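Protein chains: 2
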Amino acid sequence: MSKEIGITVKKAENFSEWYTQVVTKAELADYSSMKGFMILRPYGYSIWERIRECLDRRLKETNHSNAYFPLLIPESFLKKEAEHFKGFTPEVFWVTHAGDNQLTERLAIRPTSETIIYDAYSKWVRSWRDLPLLINVWNSVLRAEITATRPFIRTSEFLWQEGHTVHETKEDADKEVMMILEFYRQLIEDESAVPVLLGYKSEREKFVGALYTTTLEAMMPDGKALQMGTSHNLGQNFSKPFEIKYLGRDETTHYAWTTSWGVSWRIISAMIMLHGDDKGLIIPPRIAPIQVVIVPIYYREGNSRAISDRATQVADQLKKTGFTVHVDSRDQYTPGWKFNEWELKGVPLRLEIGPKDLEKHQVTMVRRDNSQKTMVTDDRILAEVTRILEDIQKNLLAKAKSAMDSSISNAKEYDEFKRILDERGGFIRACWCGDTDCEDTIKAETGATIRTIPLEPEGNLTSCVRCGKTATKVVYFARAY
Amino acid sequence: MSKEIGITVKKAENFSEWYTQVVTKAELADYSSMKGFMILRPYGYSIWERIRECLDRRLKETNHSNAYFPLLIPESFLKKEAEHFKGFTPEVFWVTHAGDNQLTERLAIRPTSETIIYDAYSKWVRSWRDLPLLINVWNSVLRAEITATRPFIRTSEFLWQEGHTVHETKEDADKEVMMILEFYRQLIEDESAVPVLLGYKSEREKFVGALYTTTLEAMMPDGKALQMGTSHNLGQNFSKPFEIKYLGRDETTHYAWTTSWGVSWRIISAMIMLHGDDKGLIIPPRIAPIQVVIVPIYYREGNSRAISDRATQVADQLKKTGFTVHVDSRDQYTPGWKFNEWELKGVPLRLEIGPKDLEKHQVTMVRRDNSQKTMVTDDRILAEVTRILEDIQKNLLAKAKSAMDSSISNAKEYDEFKRILDERGGFIRACWCGDTDCEDTIKAETGATIRTIPLEPEGNLTSCVRCGKTATKVVYFARAY
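Residue numbers (my numbering), protein chains in the order written: chain U, 1123 to 1603; chain F, 1123 to 1603.
Simulated from the structure, these hints should not be mistaken for lab results.
One thing to keep in mind: the hints can contain errors.
When chains are identical, the list treats them as one kind, so a pair holds in a single copy or across two.
Claimed, not checked - Below, in silico cross-link-like pairs of lysine-lysine (DSSO-like), each with a Cα-Cα straight-line distance of 27 Å or less:
no., residue 1, residue 2
1, K1328, K1495
2, K1133, K1208
3, K1516, K1441
4, K1441, K1182
5, K1133, K1591
6, K1182, K1442
7, K1367, K1133
8, K1460, K1182
9, K1157, K1208
10, K1516, K1328
Quick caveat: nothing in here was measured; it's all calculated off a predicted structure.
Sequences and hints are given; from them, build the entire structure.
In structure tokens form, the structure reads like this:
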């Protein structure tokens, strides 16, 4: 593979450039001529399709339905929840004209859809019999990014899902928030092999307009945290201004309780950064659009037909069991060139079938995660592919989990806190007084924010890492994307 | 079912009001507070998901991939193809600000994505080896509608797919256009049971910027045609301004040939209008989100458990074979109320299981399309469900096909042409001189447009129905949505 096509920098030496090269050279995404906007190319989109399928299945099993709501939101809707409006207004794209006509009211391109969805919910919800209302939307949202574009992490438009549910009681809404958090954990850890810390956001970091926000936080190899998804209990903060009321079992009218939650294509960025290596991507088998690539190897003209027939046979056998398999039968490239390309694209398992394999009734299997090569006799192909893909999935998560665990430091003193941040980054577990001003000062002085407050309080409260006052919580700080 | 919940007008008496009631009362869609915009509710979205699956499968089988491109398009891109810009500019929503900052260039919310996609293609296409490039996008596009909103037919935002392909030669592009046209026909006729006329658009009616446009035209019960989808050969009209060039097999540089094609949620509107009746929707089994609804009927407390167990058993048996089944076990509604609701929602087949059915080892089946009721013994349930659903599918298409066929009139004289239009509408098959001015006059005087020019020229050319000059084509006119 020519230099131009392969990755030309080492992950350990120039992480940022390595990331950009993997994204563009593996053809996951491309920069658009529209500054700040990204194109999701077919290979990247097919990973997104897998992620979507994994979550969509769980949502449908628990009676959530998909729907679609308008892209444009009247400014007056956004203003109904004051905090929410304040939070989003600096990043909203505003539509002012339709054709040659100036609009009487500015329209926002949705930065998130709470307001336009809740306007509809106020018409649909009448009685406790209508609840819970469990709707999810797969769409794109726009938030103007003034800083540099980073594919999948920081772009002015991104693909995501936003769930919006309505409940009778706070307890029902709490349960929904936690069930979704667990679905997200399964999607992110079990399927994308990205380990996360689960917990609450602080008052300062919570979703604008929420009662509370739960979050999943991953740690990247450069020591910076990446927020992977959030699930919010919005309390009655939106149901009141939007008049989402229901006649209760007690025959009186109540304001409903709502939740919202979302994950985006950002999951793909964590997957790239955590698992990729100097050769390119490594995609966890459960979300890989191609799990097995078969490369037929012809040395002599004579047996090329027999080899390509065998490749198709093996592919069909694996497909029948549910694996996604691609046979690379292109003539214009050498086997070596193909190996490099599929390694760059992170296909977890490669099968080679050459004349010797044919003779010995075997195939050669090469794992993408550790380059291990094994010969497997024909009768054991299915069992071995199953075993190896499961092992790769486990191996990727275990490696990433051990990296995240060893990124966690404890800090008791503010100097130590700052030193760790500068020297190695990662999560810093520290005591905090619970005061937002103190949190603000830490952010201003170090760039670190509270990424998450553990779901179950962690023990040994001493004094706040910065101000020395009595601590109320043990929390995890980090610099973040 | 109370009057408020059921359809209160007859389809034959007030078609327009009937349509609106079916759409909103069956909870397919709702009007948004944003004038001109529609909400696709969960039930409607689940039909859209079925339509999407049907087409997506065919596209993937023929090596098309999905991708995602930015929502916003710089004004300068739109201007590159002059005709295209002129065609869309009256309906474009313009973004002028991001947060508080005025943008240096106005951005259009995509009315269609040719321009931003071709800008990317110009970077991706280098050699004939990169061709064909076959990409599809499922997204929403916005075109400001100043006239009244009609759900699924006329809204300022709609869900659709847009395919954009690049080829070496005109012939390859022709083949793609025709293959997609056939996929659309299968989706619309075979799956949605909506019969169509296939053909070319006239120069006047073709897509702005296309070499030629092919179309699928359906006929609604009110005598107006509905365009169901289009597939365009764009020639080199976009590849030249956007510089999509490739190094050919002959080692010289060529401009590529491109196609684009789309179908939208409008398919749902034709399905509603053609198949629905005074009770509500009738959804063709192949695109029905629920194919079979099972209503357990308890007369006495004593056997309710046995009946609901049997309902679940039957449902599981049908689900295993791939049918989508819903058991309506709600306690707060009577069986009669449920029958009405599922009829309103157009579920093609209802199974009732009551005490007598349990005793006789049978279920009662009621078809939505003709209200036929049959008792089916337990051992024949699967076979009968399969047979009846197939029969409903066939029956819906046959009825609609016969209605379309009998809507077609021949007109030789202009007076006759106008009389038919006013008296019964439908398609008018007529000879035409081929002149755009003549076509414009017909439109101005009668409101009818050339819906389609048959793929294979139809015979007996005499003189143009309006101007009397020698005819060059037999074409189909109609008033249209």
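Cross-check of the supplied hints:
1. K1328 - K1495: For K1328 and K1495, neither the intra-copy (48 Å) nor the inter-copy (57 Å) Cα distance is at most 27 Å.
2. K1133 - K1208: neither (39 Å within a copy, 49 Å between copies)
3. K1516 - K1441: Within. Shortest intra-copy distance 22 Å satisfies the 27 Å Cα cut-off; inter-copy 33 Å does not.
4. K1441 - K1182: both (25 Å within a copy, 15 Å between copies)
5. K1133 - K1591: Classified as neither: same-chain Cα gap 42 Å, cross-chain 74 Å, threshold 27 Å.
6. K1182 - K1442: So K1182 and K1442 pass the 27 Å test inside a copy (25 Å) and across (17 Å) alike.
7. K1367 - K1133: Close neither inside one copy (54 Å) nor across copies (35 Å); limit 27 Å.
8. K1460 - K1182: Answer is between; shortest inter-copy Cα gap is 22 Å, intra-copy 39 Å.
9. K1157 - K1208: both (25 Å within a copy, 25 Å between copies)
10. K1516 - K1328: neither (32 Å within a copy, 55 Å between copies)
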